[in-house]
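Take these sequences, add in the hints, and give me the full structure.
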Amino acid sequence: MADELPFERKQSRRRFVMTAAGAGASLWLAGCGGSSSEDATGGGDETTAGDGGKTYTGPKVDLAFWNGFTGGDGPFMRDMVTKFNTENENIKVKMIVQQWADYYQKVPTAVASGRGPDVGVMHVDTLATNAARNVIVPLDDVATSLQLQQDDFAETIWNAGIYKDQRFGIPLDMHPLGFYYNTAHLEKAGLSEAPMTREAHDEALEKLKGAGYDKAFWQSSTWPAHLMFMSLLWQFGGDLYNEDASQAAWDSDAGVEALTWQRSLVEDGYSPPNVASDADYIAFKNEKNSFHWDGIWQTQDLAKTSVPWAVAPLPQIGTQKAAWAGSHNLVIMRQKNPDENKLQASKVFLNWISEHSIDWAKAGQVPARNSVRESAEFQGLKNQSILAEQIDVVRFPPAVPGIGDAQAEMEQAVNRAVLGKQSPKESLAQAASKANKLLEENKKKYGA
Amino acid sequence: MGSGGPSTIERVGGGRPLPPLIGSPRIRARGTSSAGSGWIAYLFLAPYLTLFTVFVVVPAIYGVWVSFHSWDLLLPNKPWVGLDNYRNLFDTNSAVGDDFWNAMKATAIFTVFSVPLLVVLPLGVALILNQKFRGRNFFRAVYFAPYVLGVAVIGVLWTLLLDPNIGVVNYYLEKVGASDNIAWTTSLPWAWVALVGVTVWWTLGYNAVIYLAGLQDISRELYEAAKVDGASRWGRFRHVTLPGLRPVLVFIITITILASANMFGQAYLITGGAPGNETRTAIMLIAQEGLQNFRLGSAAAMSFVLALFLMLVSLVTFFVFRERKV
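Sequences listed follow chains A and B, in order. Heads up: the first sequence runs through residues 1 to 448, numbered per this note's numbering. Heads up: the second sequence runs through residues 1001 to 1326, numbered per this note's numbering.
FYI, nobody ran anything at the bench for these hints, they're computed from the structure. Careful: at least some of the hints might be erroneous.
Only part of the chain B face toward chain A is listed, based on derived beta-carbon distances under 10 Å [stated by the list, open to error]: (1) Pro-1079; (2) Ala-1183; (3) Thr-1185; (4) Gly-1276.
To give an idea of the chain A side of the interface with chain B (calculated C-beta under 7 Å), a few residues [to be verified]: (5) Asn-134; (6) Ser-221; (7) Val-275; (8) Asn-370; (9) Asp-405; (10) Asn-415; (11) Arg-416; (12) Leu-438; (13) Glu-441.
Note that the Cβ used here is the ideal one computed from N, Cα and C, for glycine as well.
Right under this line is the structure:
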């Protein structure tokens, strides 16, 4: 289990508990260690290399690198950092991990007080908020000097890092929603492959029911129900917001259709009612259900189990293909007292990680770079490359500061409707009118 | 027996290790008798007073200032909005109005159901644990044990135990022939039953320990005197135990109300506020508004309205249980 958006914390409760103490301790240590690096760079009179991140020839520097890789992905990133440190003797990167929800609260405060990290990772849908709040700095010069080209990146991913005509994130990966299924169940039901259309999907659920798996597709009322909803909304031709993201648009017919389909899984008896946080995934790991939609990061966790599973791109339930995805972006934090050497070293680090994203793909991610994604080495990663097929149909929430506030309302609407507390139409409309007020307030606040 | 009154018992019960002695004659007498050496008192109070000023008084005043602004720590301009943050709370058409009162309602529901249980049940437990029987210390430890666990631990524990579909609780309910599809964490009123139940299980031991200390402070002689006067078991409880526990009782009621009104972790972890936002408590909303949506001005305003309510409730409690002079 690995990853989630900051405003969607439910999946991560257990991780939070396990890592909170550790993260607190490492933060404390980082605070203590900070001064030594200042000493190291203070006396440096060597010239600063300013080539935007290709090489670093200045004095030895320490970089603090914060992220939220608390799951199975953490060790992969840590290994990459270790490798970077051995290859670059002038730069020592120290990686500090904390749970994402904590991270997104702590980083801004740390940056504001001048004790923030040098580099970090942020999800694509938080870039605008953090850019508007002066937490991160524009990276256009890095992109230019590293000769990062749009054609080396998938278009959606590349464009998502831009806020107000400036680039704030170097895309590292994409992590889409995938369709996990229990191969033994399918076999028993006489199905040779995962259903990819609505008709086939309906038929498969019936066949599974016939084979004794009457609750084949548990519909969660929390995470990842809203990720499913977004995917389905886009599949039915709708969108989350209007053109300039000043109004919520999920209460459209497409939205109602999408949510109605989710609720129908419960009403038609394919899902038990009241599926609470994580229960759907735990059930899948215990072979209680046959289908489960979840992020690509679960591939690493499932690989450790004895469950006979496979993963496919999301089936097309609506009128077109679409899937929700997240994307990790490498960012550089704003510093109260900017240090040219550190900045330069940070860029070198960013570039190195981006170039080595094949190692990162092994953690259960799809690399953002086309060149890496098309490499033979990546094609060898079976599950990742299956889910990478969705790259042209993945969508993100818009790059608007404070969009998470509005997204939280949508999440609640999905919760109410899946639990049957409110009809999909009413629930979505209620959330939309609430979100509109928040969007208006945010517009005023961030001056967007 | 009634003639003795509570003040006699208070005077008898010396050396009580608890703080809830506000208004007791003992304290008042001491306060007036040693007027000359005031500076020594202040000297001893100084360290705490410093901490209190730095961490409570100053932030509280700063909070009032924040609540008059549209405040985001990281944005360069924090425009003055006057009373808008407060006005929005009372305007159901604003972005926060509905949510705030919904959260206040959730807090009130939780408080109303958890406080009586947390006042009465621990008293019963304390009375039993105050008897002489084999293994008494073991049981004292058992009842207190859950309290040493952090909220994160009990939260995760009960989330799994109470899961509607894969939880152990429903599994055993089915085994004994009861309904196995109670949605403990996703439907009403079951979510409240779960949250109140978990909280009572978790914190009962703390209140029981305080009662126990209070019970042990009541002089044996009073019970003996009551027995000689022919008081029944109930009579002794009614006229000796209860009056003897009055200051402890006021203390427990007050801190339990405050703790319940500040409930956050249980709902955050076990129900996540679900269904919808029905179990999102005031503190949960304030944290979300201030730390997740970065609207500190609005969050500060909410905090002050909540604080005002808590002060009123505490005052009412204090007056209801105040010492009546005979």
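Minimum beta-carbon distance criterion (10 Å), Ala-1183(B) to chain A: holds, 4 Å
Proposed interface contact between Thr-1185(B) and chain A, which counts if any beta carbon pair is under 10 Å: holds, 5 Å
Interface hint compliance - Asn-134(A) to chain B, C-beta minimum distance less than 7 Å: Since chain B brings a Cβ to about 6 Å from Asn-134(A), closer than 7 Å, the hint holds.
Status of the Asp-405(A) interface restraint (C-beta, 7 Å, chain B): holds, 5 Å
Chain B contact restraint on Glu-441(A) - CB to CB distance below 7 Å: With a closest approach of 6 Å, the Glu-441(A) hint holds.
Given hint Asn-415(A) near chain B, where the shortest CB pair must fall under 7 Å: Cβ of Asn-415(A) sits 6 Å from chain B, so the hint holds.
Restraint check, 10 Å cut-off on beta carbons, for Pro-1079(B) near chain A: holds, 9 Å
Chain B contact restraint on Ser-221(A) - CB to CB distance below 7 Å: holds, 6 Å
Interface hint for Asn-370(A), Cβ within 7 Å of any Cβ on chain B: Since chain B brings no Cβ nearer than about 35 Å to Asn-370(A), farther than 7 Å, the hint is violated.
Hint validity - Gly-1276(B) Cβ closer than 10 Å to any chain A Cβ: Result: holds, 4 Å to nearest chain A Cβ.
Hint validity - Arg-416(A) Cβ closer than 7 Å to any chain B Cβ: The hint holds - Arg-416(A) has a Cβ within 7 Å of chain B, the shortest such distance being about 4 Å.
Restraint satisfaction for Val-275(A) [CB to CB of chain B, less than 7 Å]: Cβ of Val-275(A) sits 6 Å from chain B, so the hint holds.
Of the hints listed earlier, the one the structure fails to meet is number 8.
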